[in-house]
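Take a look at the letters that make up each chain.
There are 2 protein chains.
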Amino acid sequence: MNDFSAAQRSRVTMLDVAEHAKVSKASVSRFIGEDRALLSDAIAQRIEQSIAELGYRPNQMARGLKRGRTRLIGMLVADIRNPYSIAVMHGVETACRQHGYSLVVCNTDRDDEQERQHLALLRSYNIEGLIVNTLGHHRDELHELHREMPLVLVDRKVEHLESDMVGLDNPAAVEMALAHLEERGYRDVLLVTEPFDGTSSRIERVSSFKTKIAQRPALRGTMIETGSELAAHLKSFLDTPGPGPKALFCANGIAALSSTHALRELKCNLFEDVGLIALDDLDWYPLVGSGITALAQPTTEIGASAFECLLKRLRGDDGALRTLDFSPQLVMRGSTLGVFR
Amino acid sequence: MNDFSAAQRSRVTMLDVAEHAKVSKASVSRFIGEDRALLSDAIAQRIEQSIAELGYRPNQMARGLKRGRTRLIGMLVADIRNPYSIAVMHGVETACRQHGYSLVVCNTDRDDEQERQHLALLRSYNIEGLIVNTLGHHRDELHELHREMPLVLVDRKVEHLESDMVGLDNPAAVEMALAHLEERGYRDVLLVTEPFDGTSSRIERVSSFKTKIAQRPALRGTMIETGSELAAHLKSFLDTPGPGPKALFCANGIAALSSTHALRELKCNLFEDVGLIALDDLDWYPLVGSGITALAQPTTEIGASAFECLLKRLRGDDGALRTLDFSPQLVMRGSTLGVFR
DNA sequence: GATCCACCTGAAACCGGTTTCAGAAGACAC
DNA sequence: GTGTCTTCTGAAACCGGTTTCAGGTGGATC
Chain A
1 MNDFSAAQRS RVTMLDVAEH AKVSKASVSR FIGEDRALLS DAIAQRIEQS IAELGYRPNQ
61 MARGLKRGRT RLIGMLVADI RNPYSIAVMH GVETACRQHG YSLVVCNTDR DDEQERQHLA
121 LLRSYNIEGL IVNTLGHHRD ELHELHREMP LVLVDRKVEH LESDMVGLDN PAAVEMALAH
181 LEERGYRDVL LVTEPFDGTS SRIERVSSFK TKIAQRPALR GTMIETGSEL AAHLKSFLDT
241 PGPGPKALFC ANGIAALSST HALRELKCNL FEDVGLIALD DLDWYPLVGS GITALAQPTT
301 EIGASAFECL LKRLRGDDGA LRTLDFSPQL VMRGSTLGVF R
Chain B
1 MNDFSAAQRS RVTMLDVAEH AKVSKASVSR FIGEDRALLS DAIAQRIEQS IAELGYRPNQ
61 MARGLKRGRT RLIGMLVADI RNPYSIAVMH GVETACRQHG YSLVVCNTDR DDEQERQHLA
121 LLRSYNIEGL IVNTLGHHRD ELHELHREMP LVLVDRKVEH LESDMVGLDN PAAVEMALAH
181 LEERGYRDVL LVTEPFDGTS SRIERVSSFK TKIAQRPALR GTMIETGSEL AAHLKSFLDT
241 PGPGPKALFC ANGIAALSST HALRELKCNL FEDVGLIALD DLDWYPLVGS GITALAQPTT
301 EIGASAFECL LKRLRGDDGA LRTLDFSPQL VMRGSTLGVF R
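Protein sequences appear in the order of chains A and B.
Numbering follows the working numbering, in which position 243 of the first sequence is assigned residue number 243; successive positions increment by one, without gaps.
Numbering follows the working numbering, in which position 275 of the second sequence is assigned residue number 275; successive positions increment by one, without gaps.
No wet-lab data here; the hints were simulated from the structure.
Warning: the hint list may mix true and false statements.
[Said to hold, decoys possible] Once the Cα atoms are required to be at most 27 angstroms apart in a straight line, the calculated DSS-like pairs of lysine-lysine come out as:
#1 B:LYS267 / B:LYS157
#2 B:LYS66 / A:LYS25
#3 A:LYS25 / A:LYS66
#4 B:LYS157 / B:LYS212
#5 B:LYS267 / A:LYS267
#6 A:LYS66 / B:LYS25
#7 B:LYS66 / B:LYS25
#8 A:LYS212 / A:LYS157
#9 B:LYS66 / B:LYS22
#10 B:LYS212 / B:LYS235
#11 A:LYS235 / A:LYS212
#12 B:LYS267 / A:LYS66
#13 B:LYS66 / B:LYS312
#14 B:LYS235 / B:LYS267
#15 B:LYS66 / A:LYS22
#16 A:LYS157 / A:LYS312
#17 A:LYS66 / B:LYS66
#18 B:LYS210 / B:LYS235
[Claimed, not checked] To spell it out: a stretch of chain A is covered by chain B in this simulated footprint if at least three of its residues, at any positions, have a beta carbon under 8 angstroms from a beta carbon of chain B; those stretches are:
#19 61-71
#20 102-110
#21 216-230
#22 251-262
#23 277-289
Here a beta-carbon is modelled for each residue, glycine too, at the ideal position from N, C-alpha and C.
Build the full structure now, drawing on both the sequences and the hints.
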């Protein structure tokens, strides 16, 4: 085995290539970079051959040092195990790759202190831009970072932080859900959301829910948070007489998971006793009961847009702030067959 | 808005700190690094204050250049949307963070060319170690990389690549599954696996299945791959008379997802007509039919072990190659109630 | 008081690249 | 043949750190 502790930096360096090709480092650097046109054919060819022969690979760290361009994008994720975050991340990563950037993902596990540490870290690695999908406390750090590089928020708003934002059109999504539920004959809707921890999209969905419910006199709307007492709360919702057929509206995939768990615990007949529509479309939705109706988010597009926002800023666009709100798509399944079953 | 294209490197540098504290760069460097003991209290205090006052943060890129230590670990993942990979990645990331390392994740989307590009990329960023969860074609690149840094394979073996490995004890897992199925009264077992693409763990599971089935004369064992004709194949399995009650053994989470889909398509009564046990334990398993029995992999441990392998090597351990095989844990649910229902 | 040593400190070289700048070489016009 | 303009090239400075090395200081020893 090798001994890796003795940092045996045996790699081929630019100087090696220069000597091998009998040219200066400067010429090799020009060949590597975008100034290749400056070189004569003869020299370019010699360099090309030496590079191939020695198997030279430029050191991005060193390049980034003088140049200020690391081709690194940072992404701060609150919960790496959240399917939504993963899906968006996949979109970001793909877009990054297509433009020659790489992605450094930092997971905070919803911990504020870890968020702070990761911010410091990303900064110390000279990333060129930052995608934020956390609560964004540590306003000062974020501001400071934002002075140095473009920043885009995904699925979150952060107060007093003026940056581009990409996410779901939450009012439209809520409207879509309620319209669908009402059309299918449901009259008593319970919004199930994860606890309020400051996540802006969560708050928006709830407040839209309240507004939209008020505009639909046929519907009654109530709300609960997931947690240890979810099943009990669901039970009381189901047992309380209402204006008509009951349905749950789960504000995201996690809420859908918890709700379904709870419904099973209550020996509920999925989904004849109660309808269900969920934000996010996860791969197991079709498998539960008669299938869960979903409002699918265009996660790949959201991720790609987030990156493209950064890219535009990096290329000098200093126009007005952008807010990109994508619309969800209704994927109808058995859980909202409603009164027409 | 700022103009980020004009790389306005306005950051506080070590020289700024040195001048502010009226000391040399060398002293500041010593303060930052592990040589703080060399400094007198007076100087250390001045430096500390200057750092705080100016808000100085050392540039990791520059540190890595001379030092050869970037504190960066690379991870090559075949499919970032595979729950198993995510779970392991989460384990790796947590372990990294605890030891002051950061993780650069590269997703290849199962594409060989992307694997090659990512390998080159990771190398150019001077990562200190690499965790591989892809097919590992591009043997030459991997070898070359492995000469420079420690490398550990997760859930994969790569021929002719001598490196540490961390994964599941596949024979034990298969044994566990078959023992459970037999005990529950099933006699006709169909192994459902994703198509053979060279993934070694997949191959191991299948070959163990064949071996173990041979050792259990009471059982009949057959095998199919997921794909467009999965439902048809399942149907013929279910329709063909066998030695007794039938059960599926899904070799991973994806196979479990496809199989459940197919069973629903066949209007199969989950899980009274057929039993099911699946490798991996996904959060929706309890929700399908009477719940899917799982062999849960200790993914967090696997991820952490992978990182610790690297760390040991980085610290100079050049002992024999290690192979860490973890055992799964049986999580019994309704899908294997079997003949005792 | 001289010698030795342990302890601190800073100047300068270095890591592997990029970029500036000055100069060499060739093309062209006169 | 000279002057001017391009076009190409390399030396050297630079990015922001680390590390080597030589020297300065003060205390202990003789």
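Tell me if the straight-line CA distance from B:LYS66 to B:LYS312 falls inside 27 angstroms. 22 angstroms, holds
Are A:LYS212 and A:LYS157 close enough, with their CA atoms no more than 27 angstroms apart? 21 angstroms, holds
Chain B covers the stretch 216-230 of chain A, three or more CB atoms within 8 angstroms, holds or violated: violated (count 0)
Pair hint B:LYS267 and B:LYS157, alpha-carbon separation not exceeding 27 angstroms: 39 angstroms, violated
Run the distance test for A:LYS157 versus A:LYS312: straight-line Cα separation, threshold 27 angstroms. Holds, because 20 angstroms separates the two Cα atoms, which is no more than 27 angstroms.
Is the straight-line distance between the alpha-carbon of B:LYS210 and that of B:LYS235 27 angstroms or less? 22 angstroms, holds
Check, residue by residue, whether the stretch 102-110 of chain A contains three or more positions whose beta-carbon lies closer than 8 angstroms to a beta-carbon of chain B, and give the verdict. This one holds; 7 residues, not fewer than the three required, reach chain B with a Cβ under 8 angstroms.
Are the Cα atoms of B:LYS66 and B:LYS22 separated by 27 angstroms or less? 24 angstroms, holds
Keeping to a limit of 27 angstroms between CA atoms, is the pair of A:LYS235 and A:LYS212 held or broken? 25 angstroms, holds
Given the hint that B:LYS235 pairs with B:LYS267, test it: the Cα-Cα distance must not exceed 27 angstroms. 10 angstroms, holds
Given the hinted pair B:LYS267 and A:LYS66, is their alpha-carbon gap at most 27 angstroms? 64 angstroms, violated
Given the hint that B:LYS66 pairs with B:LYS25, does the C-alpha gap stay at or below 27 angstroms? 15 angstroms, holds
Comparing the model with each numbered hint stated earlier shows that hints 1, 12 and 21 do not hold.
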